[in-house]
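J.: Here are the chains, one letter per residue:
Protein chains: 2
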Amino acid sequence: MYNMDKLYEAVAVKGHVCVGLDTAVDYIPPRERKAAASDADAVLAFNKALIDATIDAAACYKVQIAYYEELGLAGLTAYAETLRYLREQGALVIADIKRGDIADTALRYAKAHFDGDFEADFVTLSPYMGMDSIEPWISYAETKGKGAFVLMRTSNKGMRDFEYQELKNGGRLYDTVGDRLATLVESHKGAHGYGAFGAVVGCTERDEAAAIREKRGNLFFLIPGYGAQGGAADDAALLLREGNGGVVNASRSILKAWTTMPGAGDSVDNSFAAEAARKAAIEMRDAILRAI
Amino acid sequence: MYNMDKLYEAVAVKGHVCVGLDTAVDYIPPRERKAAASDADAVLAFNKALIDATIDAAACYKVQIAYYEELGLAGLTAYAETLRYLREQGALVIADIKRGDIADTALRYAKAHFDGDFEADFVTLSPYMGMDSIEPWISYAETKGKGAFVLMRTSNKGMRDFEYQELKNGGRLYDTVGDRLATLVESHKGAHGYGAFGAVVGCTERDEAAAIREKRGNLFFLIPGYGAQGGAADDAALLLREGNGGVVNASRSILKAWTTMPGAGDSVDNSFAAEAARKAAIEMRDAILRAI
Numbered sequence: 004m005y006n007m008d009k010l011y012e013a014v015a016v017k018g019h020v021c022v023g024l025d026t027a028v029d030y031i032p033p034r035e036r037k038a039a040a041s042d043a044d045a046v047l048a049f050n051k052a053l054i055d056a057t058i059d060a061a062a063c064y065k066v067q068i069a070y071y072e073e074l075g076l077a078g079l080t081a082y083a084e085t086l087r088y089l090r091e092q093g094a095l096v097i098a099d100i101k102r103g104d105i106a107d108t109a110l111r112y113a114k115a116h117f118d119g120d121f122e123a124d125f126v127t128l129s130p131y132m133g134m135d136s137i138e139p140w141i142s143y144a145e146t147k148g149k150g151a152f153v154l155m156r157t158s159n160k161g162m163r164d165f166e167y168q169e170l171k172n173g174g175r176l177y178d179t180v181g182d183r184l185a186t187l188v189e190s191h192k193g194a195h196g197y198g199a200f201g202a203v204v205g206c207t208e209r210d211e212a213a214a215i216r217e218k219r220g221n222l223f224f225l226i227p228g229y230g231a232q233g234g235a236a237d238d239a240a241l242l243l244r245e246g247n248g249g250v251v252n253a254s255r256s257i258l259k260a261w262t263t264m265p266g267a268g269d270s271v272d273n274s275f276a277a278e279a280a281r282k283a284a285i286e287m288r289d290a291i292l293r294a295i
Numbered sequence: 004m005y006n007m008d009k010l011y012e013a014v015a016v017k018g019h020v021c022v023g024l025d026t027a028v029d030y031i032p033p034r035e036r037k038a039a040a041s042d043a044d045a046v047l048a049f050n051k052a053l054i055d056a057t058i059d060a061a062a063c064y065k066v067q068i069a070y071y072e073e074l075g076l077a078g079l080t081a082y083a084e085t086l087r088y089l090r091e092q093g094a095l096v097i098a099d100i101k102r103g104d105i106a107d108t109a110l111r112y113a114k115a116h117f118d119g120d121f122e123a124d125f126v127t128l129s130p131y132m133g134m135d136s137i138e139p140w141i142s143y144a145e146t147k148g149k150g151a152f153v154l155m156r157t158s159n160k161g162m163r164d165f166e167y168q169e170l171k172n173g174g175r176l177y178d179t180v181g182d183r184l185a186t187l188v189e190s191h192k193g194a195h196g197y198g199a200f201g202a203v204v205g206c207t208e209r210d211e212a213a214a215i216r217e218k219r220g221n222l223f224f225l226i227p228g229y230g231a232q233g234g235a236a237d238d239a240a241l242l243l244r245e246g247n248g249g250v251v252n253a254s255r256s257i258l259k260a261w262t263t264m265p266g267a268g269d270s271v272d273n274s275f276a277a278e279a280a281r282k283a284a285i286e287m288r289d290a291i292l293r294a295i
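Sequence lines, in order, name chains Y and C.
Residue numbering for the first sequence follows the numbering used here, beginning at 4 and increasing consecutively.
Residue numbering for the second sequence follows the numbering used here, beginning at 4 and increasing consecutively.
Calculated from the structure, these hints are not laboratory results.
Each hint should be verified, as a subset may be incorrect.
Which copy is meant is left open, so a pair is good if it fits within one copy or across any two.
[Said to hold, decoys possible] Heads up, simulated DSBU-like pairs for lysine-lysine below, C-alpha to C-alpha not over 30 Å straight-line:
hint, residue 1, residue 2
1, K192, K37
2, K37, K9
3, K259, K37
4, K114, K37
5, K17, K51
6, K192, K259
7, K218, K160
8, K37, K171
9, K218, K171
10, K171, K51
11, K192, K160
12, K17, K171
These numbers were taken from a predicted model, which means no experiment stands behind them.
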């Protein structure tokens, strides 16, 4: 069984929310940050509180490694501990690492993120160098059910610079990435019709969303751009075929939900932030379910 | 002064070799690996021996983080220690991390790799998501002289999948990446006419090399593909304008040079491997100088 099948089933039960643990230290209640032995400890404690509070409202979690690397070795220890805690809770987790390197190097990365200290259920991958930067990872779909989301059409403004370039032979670059990925996963298709690997497709280009969903029948989507990046439930819904074609990530709008709650201030603690995160995740889940 | 200026000057004195410390544990003499307290310790000791032996024959070093991540937190400690040792020796070092993420995330990565535990002089970046995944890094060129090499046309076979796609408006995708990068660095140009940021251009497509070098006058190149990947000194020379337009990376052909030396076997030590690496680096340096 592929992790992508498990994710599909988690969505069916819990809705589409992917909680993004892009935990910057300045998102943490100042009182908790001050009380922690280190910033890395503060990040880990905050993450655990938010995981406990959101676990029944989230299909999965996405951990953006940049926010941990920023804190050096201590930060990467907190990253490893966050992944471990998520595993212990039985949560599915996407390591947002956007790796893209070839051959032997790709296999080293795959071992790093699908095994050992940094083991996750899914990773994100960047396709620029070509399919030999994607294919090595798929051996872990075969042996351990692991999954990946390959950057296809992202939600940032710069997406137009290269992903969106029109090709001489027709279509845009992201289309060709989608074509190659769709072909690759045909030989690694799970119980629900989706491949072991899916694609990152942002919900910020409304006019194309339905067509992309229609065309990419075997690709489960990781959908960024919701909330802080401007995407709304309606936009995300267009990318969710039959209501279960992907997960929708939100990071800041959940992590920082506490800052706009009544009673917010320097004296609140992680349980206050966790309760706010829970409310934000549930609201987001319900908004998406209504929009489908 | 930009680090790219320092690299130009290092090439002028020491030649074009960039020693790639893509140190897999199975490249290390078995006797040393067995004697070390851990694989990560074995990697660090091997690296130090090779750095000592090659420092006067190498313009710079490139450390491929995948080989360290593979060993988990202990591996990343060896990565940080390798970078620290290189700094202590006054060597220039490229962190081969191929990051490509946007806005706030890019800034977190930049802080991680241009400051603190993992500080390097240069990084490698992947442009797929667009220029908003490159631009945030350049603030570190302004404040600390830091540099980057952006993937443009790489040396792997899969390069043809996306980088090489012909665009509707003319040229190939890698051309458009080059255009955008050349424009970006015009406002960050150093003492020798090259920008603070350069490009990764492989030496495996001989017929295009001279044209790429001609067209990209303000981009210093990081040139992979030499040795184990099939590129030769003649191919690399085509990418080196006036003899000083880039550095040429070799990893396996230097790290594993000891395995083909007379007397190689399970009983040799790191000093044997280091001496072989030194010879391989000097031969490579001289072959490139002859080919220019």
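J.: Pop the pair K37 and K171 into one bin, within, between, both or neither, using alpha-carbon distances up to 30 Å.
T.: neither (56 Å within a copy, 55 Å between copies)
J.: Under a CA distance limit of 30 Å, which applies to K259 and K37: within one copy, between copies, both, or neither?
T.: For K259 and K37, the Cα distance is within 30 Å only inside one copy (17 Å; across copies 49 Å).
J.: My question is about K114 and K37: at a cut-off of 30 Å on alpha-carbon distance, are they close within one copy, between copies, both, or neither?
T.: This pair counts as between: shortest inter-copy Cα distance 22 Å, intra-copy 36 Å.
J.: Please sort K192 with K160 into within, between, both or neither, judging by C-alpha distance up to 30 Å.
T.: between (32 Å within a copy, 26 Å between copies)
J.: Since the copies are identical, ignore which copy is meant and state whether K192 and K259 lie within 30 Å (CA to CA) inside a copy, between copies, both or neither.
T.: neither (37 Å within a copy, 39 Å between copies)
J.: Is it within a copy, between copies, both, or neither that the alpha carbon of K218 lies no farther than 30 Å from that of K171?
T.: both (20 Å within a copy, 22 Å between copies)
J.: Please work out whether the CA atoms of K37 and K9 approach to 30 Å or closer within one copy, between two copies, in both situations, or in neither?
T.: The answer is neither: 39 Å in one copy and 41 Å across copies each exceed 30 Å.
J.: Within, between, both or neither: how does the pair K192, K37 come out at a Cα-Cα threshold of 30 Å?
T.: Neither, since 48 Å and 42 Å both go past 30 Å.
J.: When no copy is named, should K17 and K171 be tagged within, between, both, or neither for a Cα gap of at most 30 Å?
T.: Answer is neither; intra-copy 43 Å and inter-copy 44 Å both fail.
J.: State whether the alpha carbon distance between K218 and K160 is at most 30 Å within one copy, between copies, both, or neither.
T.: Both: 23 Å inside a copy, 28 Å across copies.
J.: For K17 vs K51, is the C-alpha pair at or below 30 Å within one copy, between two copies, both, or neither?
T.: Classified as within: same-chain Cα gap 19 Å, cross-chain 51 Å, threshold 30 Å.
J.: For K171 and K51, with the copy left unspecified, which applies at a CA distance of at most 30 Å: within, between, both, or neither?
T.: The answer is neither: 49 Å in one copy and 49 Å across copies each exceed 30 Å.
Going through the hint list in order, the structure does not satisfy hints 1, 2, 6, 8, 10, 12.
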